[in-house]
Amino acid sequence: MNMTSATEHAGAPVAPADAPDAIIEVEGIHKVYSGNVTALENINLDFRRGEMTSLLGPSGCGKTTLLKIVAGLLKPTDGEVRVNGAPVKGPGPERAFVFQDFALMPWATVLRNAGYGLEVRGVAKREREERARHYINEVGLAGFEEKYPHELSGGMRQRVGLARALAVDADVLLMDEPFSAVDEQTRRKFQEDLIRLREIEKKTFILVTHSIEEAVYLSDRIVLLSPRPGRVAQIVTPEIDRSGDPEAIRRTTEYLDLIDDIWAGLRTYVE
Amino acid sequence: MEIYGYRVPAAAALLVWVVIWEIVGQFDLLLMFPPFSEVLASLPEVIGTASFAEAARITVVSYLSGLALAIVVGVGLGLLMGMVKRADQILNMWVNIFLSAPLSALVPVIMILFGMGSPTVVATVFMFAVWIIALDTRAGVLHASPSLIDMSRSFGASRGQRMKLILLSALPEILAGIRLGVVRGVKGVVIGQLLVSIIGVGALFSLYSQNFLMAHFWALILILFAFALSLAELINRLEARVEYYAGNRS
Ligand SMILES: Nc1ncnc2c1ncn2[C@@H]1O[C@H](COP(=O)(O)OP(=O)(O)OP(=O)(O)O)[C@@H](O)[C@H]1O
Ligand SMILES: [Mg+2]
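Those protein sequence lines, which keep their order, are chains H and Z. Letter 50 of the first sequence, counting from 1, is numbered 50 in my numbering, and no numbers are missing. Letter 233 of the second sequence, counting from 1, is numbered 233 in my numbering, and no numbers are missing.
Calculated from the structure, these hints are not laboratory results. Think of the CB as a built atom: it goes at the ideal place given N, C-alpha and C, for glycine as much as any other residue. Where hints are given, some of them may not hold.
Claimed, not checked - To give an idea of the interface, some chain Z residues facing chain H are shown, with a C-beta separation under 8 Å as derived from the structure:
1. Gln26
2. Pro35
3. His143
4. Leu148
5. Met151
6. Ser154
7. Gly156
8. Gln161
9. Ser197
10. Arg241
Using the sequences plus the hints, can you model the full thing?
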């Protein structure tokens with residue numbers, strides 16, 4: 001089977017493996033859990049600076065595992081991840097993680113939660129709160145600084161998680177299904193906000209999702225993973241102009257065709 | 001119902017027992033049970049004596065030191081068991097044995113080790129309270145959200161900062177353990193002093209029973225009950241303040 005067939009979509013060239021603008025390089029990653037579950041097999045990928053890349057695939061194909069290895073939260077069985085050329089040995093300040101279940105401290109206010117990354121880095125209280133406030137504002141939560149997580153909706157909690165990740169000013173944001181615990185309307189609004197945030201923040205995003213629509217709508221590049229063992233099945237490069245009205249984008253033929261293409265590619269694994 | 005300003009919950013059921021007690025007492029059937037009214041009447045007398053003040057002081061001091069020791073050691077032990085698998089494998093069985101063992105039977109052993117004074121009482125309180133605190137703390141640590149710990153790691157939290165996060169995550173369970181420890185500790189202090197019986201309320205109990213002062217005897221028991229219940233209630237209040245997040249963890 002062809003392991004890394006890169007689909008060229010809309011004539012976009014596929015970058016060579018050692019592209020100079022690769023901020024994260026994943027090389028020969030294998031991950032075997034508890035002796036026999038092969039979660040990932042020979043993953044070779046580059047994530048380019050300033051791009052939003054989605055990891056897409058059916059449940060259990062190793063998306064979370066790959067993201068946690070990139071984050072330095074999990075050790076690969078074999079292979080190496082490099083950030084800005086340096087091998088990853090653990091979590092680092094260039095990478096920030098947004099968790100699927102938000103991972104907020106229930107005993108702390110929004111302000112304190114958003115500033116937690118700065119707090120552990122020893123940033124003085126004044127500056128920490130100032131920066132936390134800035135990002136709380138940026139993710140659209142102004143006025144909720146003194147609330148506790150249980151007083152917020154799921155969508156708002158995830159915004160706190162996002163503000164916390166943005167506040168540490170990492171180059172790369174790693175997001176594990178950030179919208180999965182959120183209802184459809186909130187999810188769409190959140191996706192639109194994320195596109196807007198990307199323009200302002202100019203960061204590299206790696207987004208795990210199992211929503212094809214979400215991947216197509218948001219990303220510059222979509223990495224399709226096949227399940228058991230998880231391998232890179234295909235890389236798709238959507239060429240969608242996201243500057244216009246969000247609702248109009250979701251109706252363009254490029255958008256809809258691409259969703260169909262990806263679905264056609266994925267359904268073989270699901271069946 | 002009010003006993004010297006303390007509101008007893010489930011007052012109705014208690015009231016029935018008080019009435020039965022009063023009736024049985026009035027008939028003078030059992031030497032053990034003077035009428036409840038007589039018990040109440042002797043309350044001020046018991047509290048007023050100098051020996052009571054001294055007994056109360058010794059009791060409170062040894063109770064609080066035993067409890068403080070139990071909290072420090074129990075929480076530490078629980079954290080260790082919750083965080084280090086190896087330690088848990090070694091300790092879990094022993095902690096469970098001590099939790100369910102008839103500890104009163106151990107008091108004589110403690111007495112041999114610590115002598116006939118307050119240290120024995122402190123040790124007894126400790127032995128009664130520490131295990132449940134350790135086990136509840138362990139449960140709280142194991143219950144702490146793994147993604148919260150991943151979160152702190154991903155932001156580069158130090159070992160100490162991660163410990164703090166785990167401790168705060170486990171706080172609801174720790175408080176539940178301490179509340180149980182507080183009640184068990186009262187059992188410990190009474191049993192310890194009864195067996196040592198020359199100090200604190202233990203001395204008073206033997207004084208009253210040897211002189212057939214049953215009303216005084218029961219008054220002392222009432223006081224101890226009120227003491228234990230107020231302490232448990234105090235911890236309850238504290239728990240209610242952190243409870244909002246206990247139910248809010250994922
Ligand atoms: N700690 C673990 N121990 C053993 N096996 C694990 C562990 N974590 C994950 N796995 C297995 O590894 C595989 C990949 O898991 P992973 O969580 O990375 O998948 P995923 O693509 O994120 O799935 P989902 O879409 O359901 O979140 C699965 O088969 C899973 O059962
Ligand atoms: Mg996952």
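Cross-check of the supplied hints:
1. Gln26: 55 Å, violated
2. Pro35: 51 Å, violated
3. His143: Check failed: Cβ of Z:His143 comes no nearer than 12 Å to chain H, outside 8 Å.
4. Leu148: This interface hint holds because 5 Å falls under the 8 Å limit.
5. Met151: Hint holds; Z:Met151 Cβ to chain H Cβ min 4 Å, cut 8 Å.
6. Ser154: Constraint on Z:Ser154 satisfied, holds at 4 Å.
7. Gly156: Constraint on Z:Gly156 satisfied, holds at 6 Å.
8. Gln161: Result: holds, 5 Å to nearest chain H Cβ.
9. Ser197: With a closest approach of 45 Å, the Z:Ser197 hint is violated.
10. Arg241: 11 Å, violated
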